[in-house]
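**Student:** Given next are the chains, with one letter for each unit.
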Amino acid sequence: MTSEAVAILEGAGLSKSFGALTVLDNVDFTLRSDEAVGIVGPNGAGKTTLLTVLSGGLRSTGGVVRFRGADVTAVGAAERSRLGLVKTHQVPRPFSGMTAFENVYVAATAAGGLNGRGAHAACVEALELCNMLHVANRRAETLGLLDRKRLELARALATSPSVVLLDEIGGGLTDEETVQLVETIREMRRRGMAIVWIEHIVHVLLQVVERLVCMVSGRVIADGDPKAVMADPVVVEAYLGSGAT
Amino acid sequence: MTVLPKFAVERWTRASAVSGGVAVAVVAALAVLPLIGGDNLVDKLTTLFVYVILAAMWNALAGYAGLVSVGQQAFFGVGAYFAIRCSVAGVPPYPALIAGALIATAVAVPLSYFMLLLRGGEFSIGMWVLAEAIHLLVNLDPLIQGETGTSMIALNAYAHETRLAANYWLALAGMVGLLGAIFVLLRSPFGASVQAIRDDEEAAASIGVSVQRAKRTMFVLAAFGCALAGVLWLATSVTFQPKTNFGVQWTAYMILMALVGGLGTFEGPILGAVLFFLVQDQFAETGVAYMAGLGTVAILFALFAPRGIWGEIEKRWNLRLLPVGYFLRPTGPPKPDRRSK
Ligand SMILES: Nc1ncnc2c1ncn2[C@@H]1O[C@H](COP(=O)(O)OP(=O)(O)O)[C@@H](O)[C@H]1O
Ligand SMILES: [Mg+2]
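Note that the protein sequences, when read in sequence, are chains R and L. Note that this note's numbering has the first sequence beginning at 53, numbered continuously upward. Note that this note's numbering has the second sequence beginning at 227, numbered continuously upward.
No lab work stands behind these hints: they were computed from the structure. All figures in this text were calculated on a predicted structure; none of them were measured in a lab. All clues given are correct.
Simulated coverage check for chain L against chain R, where a stretch passes if three residues somewhere in it have a Cβ under 8 Å from a Cβ of chain R:
| hint | region |
| --- | --- |
| 1 | 407 to 420 |
| 2 | 425 to 432 |
| 3 | 435 to 441 |
In this text, a Cβ means the ideal position worked out from N, Cα and C, and glycines have one as well.
Generate coordinates for the entire structure from the input sequences, incorporating the hints supplied.
**Tutor:** Printed below as a string of structure tokens:
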């Protein structure tokens, strides 16, 4: 898509504390409507918390979240997903008593606003895009980790989103599975979705994103061209050099 | 059935079409039974219908919405109480019974806002506390005469057979109406959302489900069902004794029927209610040993067959009589159009 490159999602001065622990420390984050951005950083840096605050799963302690220019800071996750902003879970959270198809159907109807034939078609499409049509009728509790991660993505896609926040969906995949995932995410981009992707496997991330953000201890320490960020001495020191904590 | 390019979304099977037909035939036969059957049978079946309503309500709450309430006797009892109040105020008996159930439902609406702030085990216990509180409040009404209780005397104005038949039809209509409502609800997108809440509330919210609203809907529906069962019980027994009508044993029965029959299946609680009814009819007692026996059965099922008898049947024979779910079937290469023959 070559639409006007406006900020579709914006976090300004975001802070989040759990008791005495400050997890987000005055973070600014902007995503353009035609962009794919990667987020890297050591464990505990606050990456998941940032995406959760952006998606509405957590209320920030300070700061503002804007989606399509509107202040959504006080809007809950359900409503944000209906507006087109959705996030996958780092640890998959399937609806275990329902089939994969039914899992996706909830997203298509509740957030996607579809019903009947349109909802069915959206579910088949989302499952197909995530290579999981063959397990469509399996109860989610019987799925392995790979399919659970795919289900997270399929559910997100079925909401007909304009922004998808991905939290480590590529961990532990084989090379072939990784190629499939990259292809799926490229297809999402072709369909006009903006993407934020947290991933530790940087070489995979770099196949998709055109901007990279590095977080350490609740702060953004670098933001820009992926190659430049990875070469930034501060990043090397804080993230790569000292090793993940 | 929806036909997509290479897939069909199946919501009925051949078996379910047959069983749907059988269900309609059974209901039709039941509807004319009082015209031909004996009083004893009519009376007993009324009790069975009340059990089916209770089991189905608890299953809708716990098995589908994940709301494990041990205080549903609150609505069972308070429906009967309001029915008596209406009757005393001059409302004719049967309208008073229905009004009692409706008023209890109206009470459940504001209660749902408070009770559903509680989650998991807190909600379960909270519901019991609520039931006890309502029980005590009702006892404050001088009309009830404390634990002595009272009767809905106006019901005695009818001839015995007339009352039996009226109770029976009201119970049958209530049961069929409620089962039908649950079935339609569960097959709708709302039903899928409710099950998602049961499995993971936050994940459901993250993909657009209005969690609190869906829970409140199920809470109020179950309150209505239990209140209706409560007024039907009043209609058959005529007497109202707070200890009995607000007894926690009603919820124990609901749990037992739903667990044994099959929690989270549509058909299971109906089966559970029939089995419980047969057992009650055989032993006709309520002693400690009997209750302990029932409790043991419930625990064994919860441990070893959490989806109950019906869940096992479904698994073994891949049987789906009245399916509420979705089945995606590849349709293969396009077949010649049958209509063109
Ligand atoms: N709900 C929570 N309660 C308390 N601490 C939390 C909670 N969620 C995350 N944290 C803490 O916040 C920090 C950042 O976590 P997270 O955002 O998951 O980091 P990342 O995704 O970068 O690994 C960690 O120290 C984690 O233990
Ligand atoms: Mg994380």
